[in-house]
Structures are given as structure tokens and as C-alpha cells.
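Residue numbers (the numbering used here), protein chains in the order written: chain A, 1 to 300; chain B, 1 to 767.
Hints are supplied without guarantee of correctness; some may be wrong.
When the alpha-carbon atoms are kept at most 25 Å apart in a straight line, the in silico BS3-like pairs for lysine-lysine are as follows [what the hints assert, rightly or not]:
id, chain 1, residue 1, chain 2, residue 2
1, B, Lys736, A, Lys124
2, B, Lys309, B, Lys377
3, B, Lys279, A, Lys124
4, B, Lys279, B, Lys344
5, B, Lys75, A, Lys138
6, A, Lys182, B, Lys503
Hints were generated in silico from the structure; no laboratory data involved.
Since the model is a prediction, treat every value here as computed from it, not as a measurement.
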Amino acid sequence: MTQHVKNKPDSTIFWGTTSFIGMALGLTVCASAVQVEYLYLDGLAEPTRWAPSECELSVSPHTAWERPALTMRIPVDYSTGEKQYPIGWPRMYLTLKKEEQVWHEYDRLEFQILAEFSRPVLPKRPLILQVHDQQGQKKLTTLDMTAIGEWRTVQINTRDLGFSGTITRLGFNLNEADYQDKDLVAFHLGGFRLALVTAASVAELSMSAPVIFCDSRVLPLELVVEGPDADLASGIPVQVASQDGIVLTHKVAVSRGRQTVFIPLAGADMSPGKYSATVFPDDRERSKTVAVTLTTTPWR
Amino acid sequence: MRTKIISLTFLFPACLTFAAPYAFDFGTAESPLHSGAVLVTPAGNKQAVWKSADKREARSNPIIREWTLNQHTGKKNPPRSYQTELTCDHVHARHDETLTLAVPAGEYKLLILSGRSGSRAEHVFDIRVTADGGGSASATFAGGHELRALYLDTVAGQDGIVLNIATRSRWLINALIAVPAAEWLDVHEKTIKPILAACFMLPPEELSKWTETPRPDTTPNPEFTERQKREGLVFYARPWCEPVWPDHNPRQHEIGVPARAFASWGEYEPITFTLHALKDFSSISVSLSDLVNTSDVSRASIKADLIDKRYVRYMYVRPNYSAFNTYYRAPDVLMPWRPQPLPKGENLRLWMTVRVPLEQPAGLYHGSAAVSADGIKLDVPVILRVLPITLQKDQSLVYGQYYRQPLRNLNRAPDDFSRAWWRHKADAEYIDMREHGMNTVVMGLSGWLENNQWRFAFDRLQRDIDLARSVGFDKPFACSIPTGVLYHKHMKASMGSHLSRVKMPPEEFFDELTSMVSFIETEARRRQWPELLYYPVDEPSTRPESVAFMARVLAAIKRVPNVRTYVTADPEHEQFGPMRPHVDVWCCQPFSLGREAVLSDMRERGVEYWCYPNHISGENDHTPTLGARMTYGFGFWQSGYRALIPWIYQASGGDPWNYLDYNTQDFFNRTGDDGAPIPVTLWEAYREGIDDHRYVHTLQNQIARVAAAGHNAEAAGAQSVLDQILETMNVQTKYKNDGLWSPETFNAWRWMLAEKILALQNLPHKP
Numbered sequence: 001m002t003q004h005v006k007n008k009p010d011s012t013i014f015w016g017t018t019s020f021i022g023m024a025l026g027l028t029v030c031a032s033a034v035q036v037e038y039l040y041l042d043g044l045a046e047p048t049r050w051a052p053s054e055c056e057l058s059v060s061p062h063t064a065w066e067r068p069a070l071t072m073r074i075p076v077d078y079s080t081g082e083k084q085y086p087i088g089w090p091r092m093y094l095t096l097k098k099e100e101q102v103w104h105e106y107d108r109l110e111f112q113i114l115a116e117f118s119r120p121v122l123p124k125r126p127l128i129l130q131v132h133d134q135q136g137q138k139k140l141t142t143l144d145m146t147a148i149g150e151w152r153t154v155q156i157n158t159r160d161l162g163f164s165g166t167i168t169r170l171g172f173n174l175n176e177a178d179y180q181d182k183d184l185v186a187f188h189l190g191g192f193r194l195a196l197v198t199a200a201s202v203a204e205l206s207m208s209a210p211v212i213f214c215d216s217r218v219l220p221l222e223l224v225v226e227g228p229d230a231d232l233a234s235g236i237p238v239q240v241a242s243q244d245g246i247v248l249t250h251k252v253a254v255s256r257g258r259q260t261v262f263i264p265l266a267g268a269d270m271s272p273g274k275y276s277a278t279v280f281p282d283d284r285e286r287s288k289t290v291a292v293t294l295t296t297t298p299w300r
Numbered sequence: 001m002r003t004k005i006i007s008l009t010f011l012f013p014a015c016l017t018f019a020a021p022y023a024f025d026f027g028t029a030e031s032p033l034h035s036g037a038v039l040v041t042p043a044g045n046k047q048a049v050w051k052s053a054d055k056r057e058a059r060s061n062p063i064i065r066e067w068t069l070n071q072h073t074g075k076k077n078p079p080r081s082y083q084t085e086l087t088c089d090h091v092h093a094r095h096d097e098t099l100t101l102a103v104p105a106g107e108y109k110l111l112i113l114s115g116r117s118g119s120r121a122e123h124v125f126d127i128r129v130t131a132d133g134g135g136s137a138s139a140t141f142a143g144g145h146e147l148r149a150l151y152l153d154t155v156a157g158q159d160g161i162v163l164n165i166a167t168r169s170r171w172l173i174n175a176l177i178a179v180p181a182a183e184w185l186d187v188h189e190k191t192i193k194p195i196l197a198a199c200f201m202l203p204p205e206e207l208s209k210w211t212e213t214p215r216p217d218t219t220p221n222p223e224f225t226e227r228q229k230r231e232g233l234v235f236y237a238r239p240w241c242e243p244v245w246p247d248h249n250p251r252q253h254e255i256g257v258p259a260r261a262f263a264s265w266g267e268y269e270p271i272t273f274t275l276h277a278l279k280d281f282s283s284i285s286v287s288l289s290d291l292v293n294t295s296d297v298s299r300a301s302i303k304a305d306l307i308d309k310r311y312v313r314y315m316y317v318r319p320n321y322s323a324f325n326t327y328y329r330a331p332d333v334l335m336p337w338r339p340q341p342l343p344k345g346e347n348l349r350l351w352m353t354v355r356v357p358l359e360q361p362a363g364l365y366h367g368s369a370a371v372s373a374d375g376i377k378l379d380v381p382v383i384l385r386v387l388p389i390t391l392q393k394d395q396s397l398v399y400g401q402y403y404r405q406p407l408r409n410l411n412r413a414p415d416d417f418s419r420a421w422w423r424h425k426a427d428a429e430y431i432d433m434r435e436h437g438m439n440t441v442v443m444g445l446s447g448w449l450e451n452n453q454w455r456f457a458f459d460r461l462q463r464d465i466d467l468a469r470s471v472g473f474d475k476p477f478a479c480s481i482p483t484g485v486l487y488h489k490h491m492k493a494s495m496g497s498h499l500s501r502v503k504m505p506p507e508e509f510f511d512e513l514t515s516m517v518s519f520i521e522t523e524a525r526r527r528q529w530p531e532l533l534y535y536p537v538d539e540p541s542t543r544p545e546s547v548a549f550m551a552r553v554l555a556a557i558k559r560v561p562n563v564r565t566y567v568t569a570d571p572e573h574e575q576f577g578p579m580r581p582h583v584d585v586w587c588c589q590p591f592s593l594g595r596e597a598v599l600s601d602m603r604e605r606g607v608e609y610w611c612y613p614n615h616i617s618g619e620n621d622h623t624p625t626l627g628a629r630m631t632y633g634f635g636f637w638q639s640g641y642r643a644l645i646p647w648i649y650q651a652s653g654g655d656p657w658n659y660l661d662y663n664t665q666d667f668f669n670r671t672g673d674d675g676a677p678i679p680v681t682l683w684e685a686y687r688e689g690i691d692d693h694r695y696v697h698t699l700q701n702q703i704a705r706v707a708a709a710g711h712n713a714e715a716a717g718a719q720s721v722l723d724q725i726l727e728t729m730n731v732q733t734k735y736k737n738d739g740l741w742s743p744e745t746f747n748a749w750r751w752m753l754a755e756k757i758l759a760l761q762n763l764p765h766k767p
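Taking the hints into account, I'd like the entire structure generated from these sequences.
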């Protein structure tokens, strides 16, 4: 079952990023109010759709974001399972229905996860999400945010998967080697949904180039862009400023997903010093800023 | 299998009996023959006449396509290398020989295939072919799987093509194709290329099961100037630690940028630029000028011949060590420079490594690389800044490699030349490791039972240790010991891969293990070896039986006074808890424990944490140069770990130049004809990471010195750079591709460190 819902984003996540940058630069930036449209994939919470091995599936008594969830229960056993690999990989796989394969139209997959465990601390790699495309490529993501007795949100940027083909299959597995023999662990997984940000926005702006040479032709910025392709086609504004004021403004072409963009600096006559780079500088709700230092150059 | 016996009844001239291109398939009379080729046996025939009366021999190897079950791993493996009708058989000899091919007079281009003999790994083949009509080519290679393609341009006279074959050990020829020069382009496209693909990638029936998945190019099409479009050739510069993919566009801002670098005295530094073709070029040549000081210092230059000049070779690679059926081209091997063709839309990256001479006058050095491409000339500016800095290295840290010792091949090498080749390989590789900052390697002591008495290859290990010491390796050697042999003695079974089949042996096993280690240690002390770290089992699994066995094994080793144990396992796994009291050196794959945990455990219990960062060694991805630089530099600095010792200096299986054959793919350094190493980009990234660390370490020492002298403001100013690095650093357990600084930033940090070193190093000891 799929269902379209319009909603506000999980503001906690956006606050986390912007407030960090704000603190770093002494700025105050408001949380984004960009709208998010969801396609709920409640069918992924139906235990009968998954093919389990070395684990048991059932309908979860919990709900995630008030949507259905399923439980994956694993009795870790070093002596059972496949003959050749008694310390194995309890797992479950699901083939996505046609209407669930539209990931390329969305910015991210989201769901919630909660763990129960027979000991107080989960291992570092409690569970792994597998995403498979039709060409047989797969991407593994360790769900290390998982916590005992607490719902945690998982967000997978669809472009970060790096697939050119359609997403056709999902899987979850753990490595028994990460657990102790006779451990009992259960994961509740629910609220599966695809999220589409309805206006161009920058979900992440990272400090990948905190320092560059003052004679660099460009300033590289690593960012994760979300939003409809039509909105992104016109580019997003980036402003570079020093303590004395704006040095340059540039509109940079972007596409959805993680990427490095290069802001041209040639002709700006940048002298060594501290600068900031801001995306959407005139839109307080969407703006994000990173600091960059221009150092002297060895080649003058 | 088809067999064709060539009739000898044709009338002279024999060349008229078959048409160009003239293909000769060497082998036995019974071995498979390439369609349309002339069979050449040791006896020869009218179309291929051997001159010497000395004995030639032929050998044929089976053409195998079936995968066979490996009982040890339980998995099916492909053949070590794939033979074709052309390669499966050959003619070989130890003496110099002359071969005359009866072909019509005229200009020819020859392709000779030599290799894949199926012989022992220790055997070194050597062939030099010189044609009477001009042209010469040679190859030297070891083992039974490597295949080489030799090209000659020559002229056939009335007698045909006369080839003089010389060798220093044994030559072999599998096939020869003579193509009239005028027909070469057409024949190459239609006939030669498919043959080369079958021989050097995979046979067509195998390749059809594989999918090429090239790395997508997201770079927008750059705007080229009218001149660039007209000439069809563009140069651009990109930081060396960012890969240049074979068919990707340059970024607009990279075009026309000079190749530039800065380096301190004695430091190796890569300087790279890339040529991008907008049309096909048949030959690109590059000539590098001297780099001349332009900072008011006269008579100061760095001669061009002191700069190592290479190009980045793209290899067909698999996405993972043991993956099949998917491949792509990746920038990997730094081949010694020679003129190259460059197809339209492709990149050719020049990789020059300069080592700044000691006391070279500081300042800017300018030069150029003159590019000549089918009549087009380009001058690429090259700029180097020499820094008057003597870098220091943290001598307490360990940098090592897992390593297959070439000297181990000596006793089975069949002739003087082969033995000399292996000795030279060993010498050259150890020097190469030293020059890349290494100070240890993993050793191994062989042991076996003769009449139930232990025998150990102490002298063989002695030779390896002597060689390591000769290049200054001064750190402990992790040394494997024959635990498996001892286990088999007591249990009459194998322990299995990673102890997968191990069962608890009787008490006598552990007593004998203690005796064995005691005996080895006594001998090691008698021979005055550096410390051996006892390495009984590689990567034990977390199975309870495995851990219980390992705990007993380690305890048995520790019963010998003053010896330390070495274990490749991740202490993060709680299952290894029982081993913990007996482990002296934990060698973990990534920096799996945090800095504080590592430092406190080392402080409190005297253990050491080492790391084998295989994720940046090329066993999976051949291209994470940025992650490798981070791992060896800033990442290592902040990890708290004491050593980096990845697997492995060279991994080869099947044909070492074919990464698609064999059950695991080849990776890391290759070997040249003379036995000397050919580096890969990741190997250079290790050294650059170590250099980043040296800049940090040098500055830290300078800060300590000037602070002690009372220059507090200067010390604080320098410290602020280190603080800034730490503030913006994304500390990770595993540095590979994600969450890293941009490539430009690495150099900018290094420059900021250098500036502070320069500012502090001349401050007096006392204010």
C-alpha cells in the first residue's frame, strides 16, 4: 500500500545541522520550513512479503510515526544455520512492487527502527540495510544509529546510493560474528516512506574545504541537494563573504544528491583570510553557511 | 580441440600459400591451432625456418574453462589464467636462435606473444627479438601465467623477415602475427584487438558473462577555446590524490592550470598533469625541461633526468577482491613513461616524482613539459617551490607491509639469470619500501617435521632479516610460525581457514608450542635478530572453539620469557575477550577503537595497537588515494595507533597484469622487466600521508622547542594551525572516500604547517 502525504520535515535534523554552523560562525539561522511530500510504503511492514532466513518475522506491536511496523527477531546461534557458515548472516529480503520502485523521483528513503536486546549494549554494527538495483548492484548501510527501546530515524539519500538502475529489492541482515552466541535481538522497523522535498534546498553543506590557497580558481563546496529537478535546473545562489562584506555571489548549477560544486573565484582578487560561503543567502529558511580560510600560496 | 598439420609440399615461395596478415601459432604438432594460422613446431617448416641446430622444445597447456572446487574454501575457482589457442602452446629454448618467416618483401608491423608457459613461478623468461630489417623488442617476466605482447616495426627482404632471438635464461614464443604496415590500422581493429582482448582480458565466451560498469561522469562538458578545438589536445591539472578516470571530462577550472607542487629537502613529491584528447592521437611524447630557480638564486636547477617520469595506466579491475562478472577501468599503475597513443575523449595523466636534493637553494623553480602529439605542440608549465625544511619523522611509529619475500624463490629458480633476477627484485623492493617510509615487513619462519624431528628454515629467515636490516628497518618483525604444522602433527587434520575447523588439541600440543617458541627465540637471540612478534594464526574467527584455542595458543607462547604475541583480530569483538590477557599487539583492520581507548589501554597494560588498513590497499577499490593519504597522515596522527601494516606490497594471481583472471584480483605494486617495482597510485599516497605526518611532527617538535625557549606567542600561533586542523577533521575509524577534506585542502594544510615550521625553525634557542 502506498499513500501520498504532505508534511513538514523532521525539524530536529535540520536544527542539528544549522545550529552547529550557526554556532561556528556566530550566526543565528532559522530552521528550514521547506515542505516534504511523503510516499508511504506501508507494505514493507507486512511480514509475509519478506523472505526470512535464520530469523523470525511478525507484525510489531509498536507503530512508527503512527504507521505499521514489523519485527525481525533473531536468536543468535553459532551452531545452527547453514552448514558451512554456522556463524552466519540472519537476513530477510523483499522485492519491491512496481509502484514502490519510484525512488528516483524522491530524495530519500526514511523509516524508523527500535531494538530489543538481551544485553545492555548493542554491538557497533547492529543491523545492515541492503539496497539492490535491477543491475545486481547493492549498497550496504550499517544502521549504527539503532538504539535499545528507542525509535531512531533512518534516512538514506536516494542519490547517495550511486545506482543508475531502478531499486528493486531490499534486505536487512546482521553478522552473527558481531554478536555473542545465544544473544537475543529484535528489531522493529516501520514508517517506511519515500520523501520528496518540494523546493530546492541544501540538506547538508559540509566543511570539506575549510582551507584553500588564495590563488585557487575555485572554492569547492560539498553539498547534498534535495528538491524537484525543475527547481534545481535554475541553480542555487551561493555567496562568499569576508569580514568586510560580500565578495561575490554566484549561481551554481546543481543536481539532486551529494555533489561537489566549484564556485569560481577567478577575478575576485581574494586575499588570505577568513571567509564564509552561504547557500541561499537571501532566504533565511534555506540558507546554510560554512567557514573557509584562504591561505597564502606557495607559488608566488 | 582442432589440429592442423601444415603440408610442406607447397612450392617456393612459401609466402604465397597464405594471405596477410600472416599468423604463426607456435607449439606442438598436436596442440590447438588458431584459425588461419600457420603452425610452427620446434622443427619449423618452409614458412618459418629455424636456423640453429640446437634443440628447441615445445609445450602445450590445456585450455580450461571449467571452474574447479577448492576443498579448503568450499568455493569454485576459475582457472589461474585463461589460455587460448594462441597462448596455450609455445616453442622455447635456452640458446640464441634465428627464425626466418617467409613473407613477401615490404614493411611490416609484428606482434609477438610470449608467456603463459604454465611453468613454475620461480622461472624467469627472457626474450629479445631483433629483426635484420630493423626493430627490436624485449620482455623479461617470471612465472607461468604472465603474457607479454611485443611489437616490432621491420622490413622484410627477399628472404622474408629474419628475427634474431636472444635470451639470458630461456625464451618462448606462443604466436607471431606479421601485418603489412599499410594494413596495420585496419587489421589491428578487426583482427588484433579481439585477439588481444581474448589473451589479456578474458576469452570472449567468458567476457560475455561480465558487465562493464564505468564510473559515471557527472562533470559538465567544458567549453574549449577555438585553438583547443582545432588542435584537439588540452592539458589540465588536478591534485594528484584525486583520480582521473579514463574517459571523464576535465573540469572547466582545471584546464590550462600549471602543474605545481612544493616540497622540502629530501622529500619526494608528485607533480601531475593530464592531457585530454578531443581527437585521436597516434603518439604523444613528452619532454621535461630542467626546473630552474627563478628566485634570484643563480646556478640552481633540478635536472630533468632526476625527475621520475611516469604515466597512469588504466587497468580493468573488479569492484571487489573476490567479485566476478563486473568490471571497469580504473587509474592504477604508474608505468615508466614512454610515448603513448591517446584516443579521442580519453585522458593521459603524466605523473612525475621529484626528490628535492638536500640543501637545494630555496625558492621557486620553473620549467615545462613539452608535449608533442602528431605534430601538435603544447607547453605545460611546471612550478616547484623548494622549502628549506628538514622534515622529522616520529621514529616511534611503525610502517610496514605484508610481504612475499622474493628470496624465497631462489632455491627453486632454474638458472643463474633467474636467481639474479629474484635477488634484484628483493633488493629493489626493500629499497623502494624504505624510500616510501616503511621500517618493517611481516616475516615468516617455515618449519616442518622430518622423521618426527622439527626442522626450521632459520637461514632463509636470516637472509630476509639481513636484507630488511640493510635498508634500515629497525622495528620488530611480526613473524608467523608453523602452528598449522604442529596442529597437524597432533590432530592429523587442518585447522582450516581462520581456524574454521579447529578443535581443542591435547595438552601436549601446547607444551610443544611453548618448546617450539622457546627454541625459535633462543635461536633468534643467538643470531642477534631484532624482536620477533609471534604470529601464530592469521585472523582467527570469533567462533568459541577458535577463541578458546587461540587463548591457549597465546598463553603457551607467553610462557616463554620476554616474548610478545601478535594477533590480527578486532578487539571490538567481545568474543575475543578470553584472548585479551595474552595479546601484546592487537592488529586491527581499521582504527576500530577510539584514540582514548587505545591510548589508555596501551598506557595501563603495555599492549600496542596496530592497524592493517586493507580498505585502502587496493584489494577492493584501486582508487581511494585520498583515503589512503588521510589514513597514513592526519588520520594516523589522531588514531593513537602505533603501526600501519596493510596487506600487501604486491598481490598477484594468474597473470599479474590481468586483474580479471584468477579467483582473486591483483592489486598494489607491479614488477618491471628488471625485477624493480612499478608503483601504483595508492603506494604513492601512503608516502604522501606519511609526509603529511612528518610536517605535523616537525611542527610539533618546533613548537615544543620554541615554547621551551620562551617564544610563547610564536608557539601559540603555530599551535593554532594544528588546532584548526583538528577542529575541521572528521575523525573516522576508516578513511576511504567519504567525509574527507577536498584534495586541495590537504595541500593547503601542509602549506600552513610548512609556513609555521619556517617561522619557528630560525628562532633562537633562547630569547
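**Study point:** Hint consistency between A/Lys182 and B/Lys503 [alpha-carbon to alpha-carbon, up to 25 Å]
**Key:** At roughly 21 Å apart (the allowed maximum being 25 Å), B/Lys503 and A/Lys182 satisfy the hint.
**Study point:** Agreement of B/Lys309 and B/Lys377 with the hint, judged by alpha carbon distance not exceeding 25 Å
**Key:** 19 Å, holds
Practice item. Compare the distance between the alpha carbons of B/Lys279 and B/Lys344 with 25 Å, and conclude whether the hinted pair is satisfied. Key: 4 Å, holds
Review point. Is the straight-line distance between the alpha-carbon of B/Lys736 and that of A/Lys124 25 Å or less?
Key: At roughly 19 Å apart (the allowed maximum being 25 Å), A/Lys124 and B/Lys736 satisfy the hint.
Practice item. Measure nothing beyond the straight line between the CA atoms of B/Lys279 and A/Lys124; if it is 25 Å or shorter, mark the hint as holding. Key: 52 Å, violated
Point to revise | Satisfaction of hint between A/Lys138 and B/Lys75, Cα-Cα up to 25 Å | key: 22 Å, holds
The earlier numbered hint that this structure contradicts is number 3, and it is the only one.
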